[in-house]
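Undergrad: Sequence:
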Amino acid sequence: MSDPRPAAEVPELPQEEVQQRVIYSLLGPCVALAAEFGVPLEELVGWVRVAYFQHLRERGLTLREASDRLGVSTRTSKRLSQALKVSFLRPELEHNLPVRIEFMLRAEPMSAARLAQVIHDVPAELVRSALEQLVAEERVQAQSGRTTTYAVVRSVNSLVRDTWLARIGGLNSLLGNVKDTVLGRFFRSDPTSLARTLSFRLAREGGVEALHEALGLLVDRIAALEEAAGADAEPYRLSVVLAPYEDE
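Using my numbering, read the sequence shown as starting at 1 and increasing by one per residue.
FYI, nobody ran anything at the bench for these hints, they're computed from the structure.
Hints may be right or wrong, so weigh each one.
[To be verified] Per label pair, the in silico range of CB-to-CB distance:
| no. | residue 1 | residue 2 | range |
| --- | --- | --- | --- |
| 1 | Ala124 | Glu36 | 33 to 43 Å |
| 2 | Val72 | Arg21 | 24 to 34 Å |
| 3 | Glu65 | Ala203 | 49 to 59 Å |
| 4 | Ser193 | Ala166 | 23 to 33 Å |
For each residue, glycine too, the CB sits at the ideal point set by N, CA and C.
Given the sequences, and given the hints that come with them, work out the whole structure.
TA: Okay, here's the thing in structure tokens:
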């Protein structure tokens, strides 16, 4: 229930409580899916540990520093590292890394050596493999010169690939954008971060297809806006989510 008092009279929450409420809200979908599939609590908590460990390592913390932040032993962190490599990194490498490279090349063409230098948290051979994948999928093209550089074929990435790895990678991209939006709206006073949910009805026959066509026009419009922005442009991400609405 919303607070009936005018906004000016509603007391501000302490920052720590805001953090708790936001994180608790973000746990909702995760817990709902775990309950839907009957995942035991202990197993879910184990996945949270692995995800937390991955986040810290991706931000440059050493194994020892990650252990201290998590409050676990170095031995435990090594087990988390092994679980991460065995169970969860494949979508990161096969989907997120190519998307990451594609986004970087959107700003300026770069050579394979330069990409490997900039993406210092990923082995060079994996960067080269992802670059080869992008070229094979015609998302990136090689440019001849004194040094071969690579540039994007299309400025807006709206590629749809219906494999489970691509779906998991797309989910990671979506939730990464959700995280950035939450930080902007709740903790950084960023007026450009926004979230809108539209509830509406569509015709049973052809309604969803017509909506997909409209989204295609949106992609074309965004591509035109980016081209007009020129070199002095700021990067943004827009996520579109569509699903049948079930009022529980």
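Undergrad: Hints first: check each against the structure and report whether it holds.
TA: Status of the hints after comparison with the structure:
no.	hint	verdict
1	Ala124 - Glu36: 33 to 43 Å	holds, 41 Å
2	Val72 - Arg21: 24 to 34 Å	holds, 26 Å
3	Glu65 - Ala203: 49 to 59 Å	holds, 55 Å
4	Ser193 - Ala166: 23 to 33 Å	holds, 27 Å
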